[in-house]
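So the protein lines, in turn, are chains L and E. Residue numbers for the first sequence follow the numbering used here, beginning at 3 and rising by one. Residue numbers for the second sequence follow the numbering used here, beginning at 246 and rising by one.
Warning: the hint list may mix true and false statements.
[As the list claims (entries may be wrong)] Heads up, simulated DSSO-like pairs for lysine-lysine below, C-alpha to C-alpha not over 27 Å straight-line: (1) L:Lys247 - L:Lys108; (2) L:Lys228 - E:Lys425; (3) L:Lys228 - E:Lys529; (4) E:Lys559 - L:Lys228; (5) L:Lys108 - E:Lys355; (6) E:Lys355 - E:Lys329; (7) L:Lys147 - E:Lys425; (8) E:Lys382 - L:Lys224; (9) E:Lys382 - L:Lys247; (10) L:Lys247 - E:Lys260; (11) E:Lys425 - L:Lys4; (12) L:Lys224 - E:Lys301; (13) L:Lys18 - E:Lys382; (14) E:Lys382 - L:Lys169; (15) E:Lys537 - E:Lys553; (16) E:Lys355 - L:Lys27; (17) E:Lys560 - L:Lys247; (18) L:Lys224 - E:Lys529; (19) L:Lys247 - E:Lys529; (20) L:Lys228 - E:Lys560.
Calculated from the structure, these hints are not laboratory results.
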Amino acid sequence: MKILVCISKTPDTTAKIAFSDNNTKFATDGVQWIINPYDEWYSLVRAIEIKEADPSTVLHLVNVGGADSEPIIRKALALGGDEAIRINLEAGDAFCIASQIASVAKEGGYDLILTGKETIDYNGSSIGGMVAELLNIPYISHALKLTLDGNEVSCVREIEGGEETDKVTLPVLVSCQKGMAEQRIPNMRGIMGARTKPLKVLEPVAVDALTQIVSYDLPPAKEGVKLIPADQPEELVRLLRDEAKVI
Amino acid sequence: MVLVIIDHADGKIKKSSLEAATYAAELAAQTGTTAEALIAGTISEDASLLGLQGIKKVHTLSDVSLNNLDAQVHTAVISEAVEKTGATIVVFSNNSYGKSVAPRLSAKLKAGLVAGATALPDTSNGFVVRKSVFSGKAFANVGILSAKKIISLNPNAFHIADGGQKAELVPFAASVPQPKVTVTGTEKVTGEVSLSEAEIVVSGGRGLKGPENWYLVTDLAHALGAATACSRPVADSDWRPHHEHVGQTGLAIAPNLYIAIGISGAIQHLAGVNRSKTIVVINKDPEAPFFKAADYGIVGDAFEVVPKITEAVKKLKGIS
Numbered sequence: 003m004k005i006l007v008c009i010s011k012t013p014d015t016t017a018k019i020a021f022s023d024n025n026t027k028f029a030t031d032g033v034q035w036i037i038n039p040y041d042e043w044y045s046l047v048r049a050i051e052i053k054e055a056d057p058s059t060v061l062h063l064v065n066v067g068g069a070d071s072e073p074i075i076r077k078a079l080a081l082g083g084d085e086a087i088r089i090n091l092e093a094g095d096a097f098c099i100a101s102q103i104a105s106v107a108k109e110g111g112y113d114l115i116l117t118g119k120e121t122i123d124y125n126g127s128s129i130g131g132m133v134a135e136l137l138n139i140p141y142i143s144h145a146l147k148l149t150l151d152g153n154e155v156s157c158v159r160e161i162e163g164g165e166e167t168d169k170v171t172l173p174v175l176v177s178c179q180k181g182m183a184e185q186r187i188p189n190m191r192g193i194m195g196a197r198t199k200p201l202k203v204l205e206p207v208a209v210d211a212l213t214q215i216v217s218y219d220l221p222p223a224k225e226g227v228k229l230i231p232a233d234q235p236e237e238l239v240r241l242l243r244d245e246a247k248v249i
Numbered sequence: 246m247v248l249v250i251i252d253h254a255d256g257k258i259k260k261s262s263l264e265a266a267t268y269a270a271e272l273a274a275q276t277g278t279t280a281e282a283l284i285a286g287t288i289s290e291d292a293s294l295l296g297l298q299g300i301k302k303v304h305t306l307s308d309v310s311l312n313n314l315d316a317q318v319h320t321a322v323i324s325e326a327v328e329k330t331g332a333t334i335v336v337f338s339n340n341s342y343g344k345s346v347a348p349r350l351s352a353k354l355k356a357g358l359v360a361g362a363t364a365l366p367d368t369s370n371g372f373v374v375r376k377s378v379f380s381g382k383a384f385a386n387v388g389i390l391s392a393k394k395i396i397s398l399n400p401n402a403f404h405i406a407d408g409g410q411k412a413e414l415v416p417f418a419a420s421v422p423q424p425k426v427t428v429t430g431t432e433k434v435t436g437e438v439s440l441s442e443a444e445i446v447v448s449g450g451r452g453l454k455g456p457e458n459w460y461l462v463t464d465l466a467h468a469l470g471a472a473t474a475c476s477r478p479v480a481d482s483d484w485r486p487h488h489e490h491v492g493q494t495g496l497a498i499a500p501n502l503y504i505a506i507g508i509s510g511a512i513q514h515l516a517g518v519n520r521s522k523t524i525v526v527i528n529k530d531p532e533a534p535f536f537k538a539a540d541y542g543i544v545g546d547a548f549e550v551v552p553k554i555t556e557a558v559k560k561l562k563g564i565s
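Same shape as in the complex, but just chain L:
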C-alpha cells in the first residue's frame, strides 16, 4: 500500500490579511506559516493512522513550493511519513500545482492520494479533483471518514444537508475534512527523526497556467454596530424587517 499526502503551506489562521505591490501580492511580513490545517489535521493524520495499523504502508508527502516550504514539510515529517517530495515551484495557478502533483503521483504509483478539502488561503477546493482527472482515477471529495478493507475504500462524505457513504476500489483520491482524524502534536522523537528523513527536491514540469490573480482587495469595513437595549428586543426585530429587510 502506497499513500501520497499533499501538503500545502498557508498563513496561520490568525494571520493579518493585507496586500502589497498595489494590491497584487499577499503581504507576507510577519506572517507565520503553517501546514494547511485540512492537510495536516485530517489527511496526514488519517494516513499516519493507516500506516500505524499496517506498518508495511509506504507514506510519502508532496508539496509544491519554494525552499521556504521546507519548515512545514519537516513538521509534517515529524508527525509521520517516510519521505517527502518538494516540487520547486511557487504555488500559483491550481492547474499548474495539480499537474506537478499528478506527475509525481504517476511516477510513484500510489494506491491512495489524500488532500485537504481546500486550503484556507485560496479556498479553491480544486487540487484534488484536478489531480484525480489527470490520473484518470475516482475522486471522493469532502470525506469525513475513510476506512480501508483490502482494496476496498469506504468513505462518508458531506453532501448538502446530510452525509453519503461511498464505496470504491483503489486507486482513489480522497479530499478530507473534519471528522476524518484528530489533530496531533509532533513529539520530540518525531521531530528528531524528521531531520534525517529524505526530502527530495524535483524541478517542475512545464505547464501553462489557466488562471492568474490580477488583484486582491479587502471587504468594505462594517459601518459599526447598532446597539439595541437589552430590554427592547422587539426593536431588533423591527430593524431586521424594516431597515435590513432580511426577515
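With chain L's structure known, arrange chain E on it following the hints.
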C-alpha cells in the same frame, strides 16, 4: 454560449443551482450570447421553468444512474455536452457537487476555473472573476487565460430571477460510463433547513453553557425558518453535531442574516460567517470582538433576551 450545470437532489433543483442559472443568463447577456442548462439525472420538477431564470434551452440527460455522484462519470458527460453544444463558459454552483466536478472538468478541458465566485466577471479587459479568498477575509480578482472558462458560484452570492419565458427542453444523448464509485447509503437531516443554502442562520456558542440550553437557538430558528449552526468549541464538546460547525475549519456560509448567540467572535469563527449580509450579535460581554463585525448587537444575557426576540418574531409572523 454559457452552459449552467444543474445540481439536484430528491427530484428537485437546488436553490444554489437557480442562483447559478440566473448568473449564467446574466453573464450570457453581458457577453452577447445565450444561456443553456444541462440536467444530468432525473428530476420530478418541470425543467422548462429554468426559463424563469433566463435559460433558453435545457438539455436533459434522464439517466437515473446519474442521480448518484461519481465525479468521473459526471465530468465525462458534461465534457461531451460542452463539446456538442459548443459552450465556451460553464457555470456551476460551488456546492458539494460543484466542488467535486468542476475541478475535474477544468483539468479535462484545460479550461481555467474560478471556484467561489461572488460576482459577474469583469469582461472589459480580459475575463476577470471576483472570488472570496482567505476564508472570506478578502477577495481576489482572478483572470481566466484559457479559451474555455469555468466559474463556480458561491451559494447565496447571487439573486434568483423569475421573470423569463419557459425554456425549450432538448433531450441530450450521451454515452454514460459505468460508475466506479457506488453510493451505498445517504443520511439526510430531515425537517431542518440546509445550512449552506439557508437564508437565515441562528448560531450558538459556549455562552449558552450546555446542550440542554439549545432550545434558545432552535426556538428562534423555528420562528424564523432558519438553519442552526454552532461555533467550534460547541462542536468539539459534542454539544452539537460537527456538520453544524461554522468557521474557518468548519463550514463557510453566507446567509442574508446570521444571528450569533453567546459567540465571542474569534477570528477563525468570523472567517466562516463574515460574508453574511447582516450579522446580529447577542452577547453579555460588551467587549466581545464579534460586535466589531456586527450590524446589530444586543449586550445582554441570552437567557433573557433570546426568548423575547423569539416572541417578537412569532408576533410579527402571526405565529403564537
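Here is how each hint holds up against the structure:
A threshold of 27 Å between alpha carbons decides the hint, and for Lys247 of chain L with Lys108 of chain L the separation of about 54 Å lies outside it, so the pair is violated. With a C-alpha separation of about 54 Å, the suggested pairing of Lys228 of chain L with Lys425 of chain E is violated against the 27 Å cut-off. A hinted pair counts as satisfied when its Cα atoms are at most 27 Å apart, and Lys228 of chain L with Lys529 of chain E qualifies at roughly 15 Å. Proposed proximity of Lys559 of chain E and Lys228 of chain L is supported: the alpha carbons are some 23 Å apart, at most 27 Å.
For the suggested pair Lys108 of chain L and Lys355 of chain E, the alpha carbons sit about 19 Å apart, so the restraint of at most 27 Å is met. Taking the CA atoms of Lys355 of chain E and Lys329 of chain E, the gap is near 17 Å; set against the 27 Å cutoff, the hint holds. For the hint pairing Lys147 of chain L with Lys425 of chain E, the CA-to-CA distance comes to about 19 Å; that is within 27 Å, so the pair holds. Between Lys382 of chain E and Lys224 of chain L the CA atoms are separated by roughly 13 Å; this keeps the pair inside 27 Å, and the hint holds.
The straight-line distance between the Cα atoms of Lys382 of chain E and Lys247 of chain L is roughly 24 Å, inside the 27 Å bound, and the hint therefore holds. Proximity of Lys247 of chain L to Lys260 of chain E is assessed by CA-CA distance (about 20 Å); at most 27 Å being required, the pair is judged to hold. Distance restraint check for Lys425 of chain E and Lys4 of chain L: the Cα-Cα separation of roughly 20 Å lies within the 27 Å cut-off, and the hinted pair is therefore satisfied. A distance of roughly 39 Å separates the Cα atoms of Lys224 of chain L and Lys301 of chain E; the hinted pair therefore is violated under the 27 Å criterion.
Note on Lys18 of chain L and Lys382 of chain E: the hinted pairing holds, with a Cα-Cα distance of about 9 Å set against a maximum of 27 Å. Restraint check: the Cα-Cα separation between Lys382 of chain E and Lys169 of chain L comes to about 36 Å, which exceeds 27 Å; the hinted pair is violated. Between Lys537 of chain E and Lys553 of chain E, the direct Cα distance comes to roughly 24 Å. Compliance with the 27 Å bound is thereby established for this hinted pair. This hinted pair checks out: Lys355 of chain E and Lys27 of chain L have alpha carbons roughly 25 Å apart, not beyond 27 Å.
Straight-line distance between C-alpha atoms of Lys560 of chain E and Lys247 of chain L comes to about 17 Å, which keeps the hinted pair within the 27 Å bound. Using a Cα cut-off of 27 Å, the hinted pair Lys224 of chain L and Lys529 of chain E holds, with the two alpha carbons roughly 21 Å apart. Between Lys247 of chain L and Lys529 of chain E the alpha-carbon distance is near 26 Å, which keeps this suggested pair within the 27 Å criterion. Note on Lys228 of chain L and Lys560 of chain E: the hinted pairing holds, with a Cα-Cα distance of about 23 Å set against a maximum of 27 Å.
The structure fails to meet hints 1, 2, 12, 14 from the earlier list, while all remaining hints are met.
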